[in-house]
Amino acid sequence: MDTILSVKDLEVEFSTYGGTVKAVRGVSFDVTRGETLAIVGESGCGKSVTVQSLMGLIPMPPGRITNGTATLNGKSILNLPAAEANKFRGVEIGMIFQDPMSSLNPTMTIGDQIAETLKVHRGKSDREAFSMAVELLERTHIPEASKRAKQYPFEFSGGMLQRAMIAQSLACNPAILIADEPTTALDVTIQAQILELMLELQRTENMSIILITHDLAVVARMADRVAVMYAGQVIESGTVDDIFYRSSHPYTLGLKEAMPSNTHDRDKSLTPILGSPPDLFKPPTGCGYCARCPYAMSVCAEHLPPATRISESHEAKCWLHHATAPRIKELHQLDDQDAG
Amino acid sequence: MLAYTLKRLIAGVITVWFIATATFIAMHQVPGDPLMNDKAVSAEIRANLEAKYGLDKPVTEQYFIFLGNMLTGDFGISFTQQNRKVNDIIRDHFPVSATLGLLAIFFAATGGVLWGALTAVYRNRLPDIIIMFLVILGISVPSFVFAALGQLFLVNLNSLAGQSIIPVAGWGTFSHMLMPSMVLGLGTMALLTRLMRSSMLEIVNEDYIKTARAKGLSPTRIFFRHQLRNAILPVITVLGPQIAAITTGGFVVELVFAIPGLGRYFVQAVQQLDYTVIMGTTVFYGAFLVLMVIIVDILYGFIDPRVRLS
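So the protein lines, in turn, are chains G and X. Counting from 5, one number per residue, gives the positions in the first sequence under the working numbering. Counting from 629, one number per residue, gives the positions in the second sequence under the working numbering.
Okay, chain G solo, but in the shape it has when bound:
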């Protein structure tokens, strides 16, 4: 496999008045060319901090990368000074954000903002960069692109702005597009269009996508591989089928239970995950999910579960996969299949 980005044991913390928040606690993942990796998890589990620290976007101080490595095509990208980081930011990795309405400069035209990337990284002239910007807007299916390029963000709708953001992030043909909850601020029909556009561009550009979301429906539609994050750690990772059909962590199971589905009995109520994530000012010594887990054992509260390899592509961090742990029907489908 052609690995482009490799993140190992990433740890990020923030010093605040209330103490130190350990937002990311040892995250590892790889991104290979042309695939979509979805990072899922609830608010505050460290998804955004993970990718923002890769891009050097977390404010330092108060933020601090305390451990780990991240290599892009073999070169380290963590803790670089701005001048070094700008060799890959916007060039090899493009990024789009949650709220397109506030993610573009309100006092610059859309075309100028896209052209700016090309001028800075590709040394294009004003006119050349602007006409390339118009082409990029056309590629993201913005009608009347040459006219729209001269307009300001306040003259665009949310969906159109997100298209413009995508056009901007694609300016230098990046190998990876990081999309940090790209559809959360958009209504459902526009969401579908934006996701469709991302898939289309991924195919034509042979680009990898890191998609951050808390929407499992989006994951099912977009992702090749999934990393489920909880309390600053990846607790389960695998192909999209591994995660949805062979869930091996009680948290993933819980997320699925909480998700509406049109195949289930419509009268059956959804089961929420009770409680709230642990306080990352004082991260738990054991498994972070322990307090909310219906299958919690005494070992869970005391020791961090090791990563168990369930199959070639599939890993989970849960004590239930220990040889001496009780078998839980929902979690050990694969094992049972093998046995039977």
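No lab work stands behind these hints: they were computed from the structure. Treat each hint with caution, since some may be false.
Chain G regions said to be covered by chain X (calculated; three or more residues, Cβ under 8 Å) [as the list claims (entries may be wrong)]:
hint	stretch
1	99-111
2	114-124
Some but not every residue of chain G turned toward chain X, in silico, with C-beta under 7 Å [unchecked claim]:
hint	residue
3	90
4	93
5	158
Here a beta-carbon is modelled for each residue, glycine too, at the ideal position from N, C-alpha and C.
Got chain G sorted already, so can you dock chain X onto it with the hints?
Quick look at chain X alone, frame taken from chain G:
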């Protein structure tokens, strides 16, 4: 943009009319009149004078005469200064105040934006702490103290040099204008520095700054192209009223530096109940303020596209 400008101008004319009316009413509510000055005059002379100046007519009629004259640009003759028209007073002395004021605003705006941006960049570090300390001084110390200190500085400078490099007082050349305009602009500069600093700090956390960084732009480019232009908007908003405040409020500084500005006449007229001069200068200053606000609004439209079209 044209419709926007036109709309602002019409609103401005109405505002000036309001100012004129309010001034007229307020003045006629004040006990006494311009003929009640230090020297007592006999009843006959008084009646003659009242007839001459139109003070014997009903107040409403006086009001319409005043409005009519104002429309033709005639503010009448001063009650207290010999043979002097209000228009002449304004024509002779306003350019001096305006030059001083605009220069002061120039110092205040450039200084405010510069220091404000600087403090935001060095937030909570030594340059920030020092500048913000000076800003508090600039806001709380009255201008006559700075005026006196400024003069003292010039005196020392000149005596050190053994010759007059920069004149201590008076009016005429550019070097005359330097110190008084800096003193006059100091308070506003301090105010704008604070405004600019908070605006810059707010903008740093905006999503589009994060986008700019994710695009791989250099910090300098982000600062000038993305941060400064957006941060400057609130500063421009207050610039209009500040221009008026400086040009009209310069009278203390004008006095200390012996500058023949309009401020002195304005204050004198109020003390002596010189109806025509009060009315003339107030309406004139009012119109000037309104004009400045309109100009700033139009300027704002050029910087912020959202204002232009709405």
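Tested hints:
1. Check on the stretch 99-111 of chain G: 9 of its residues sit with their Cβ under 8 Å from a Cβ of chain X, so the three-residue criterion for coverage holds.
2. Remark: the stretch 114-124 of chain G is confirmed as covered by chain X, as 3 of its residues place a Cβ nearer than 8 Å to a Cβ of that chain, reaching the required three.
3. Evaluation of the residue 90 (chain G) hint against chain X yields a held restraint, the C-beta minimum of about 4 Å falling below 7 Å.
4. Using the Cβ-Cβ criterion of 7 Å, the hint placing residue 93 (chain G) at the interface with chain X is satisfied: the shortest such distance is roughly 4 Å.
5. The beta carbon of residue 158 (chain G) comes within 5 Å of a beta carbon in chain X, closer than 7 Å, and the hint placing it at the interface holds.
Violated hints are absent here; each numbered hint is respected by the structure.
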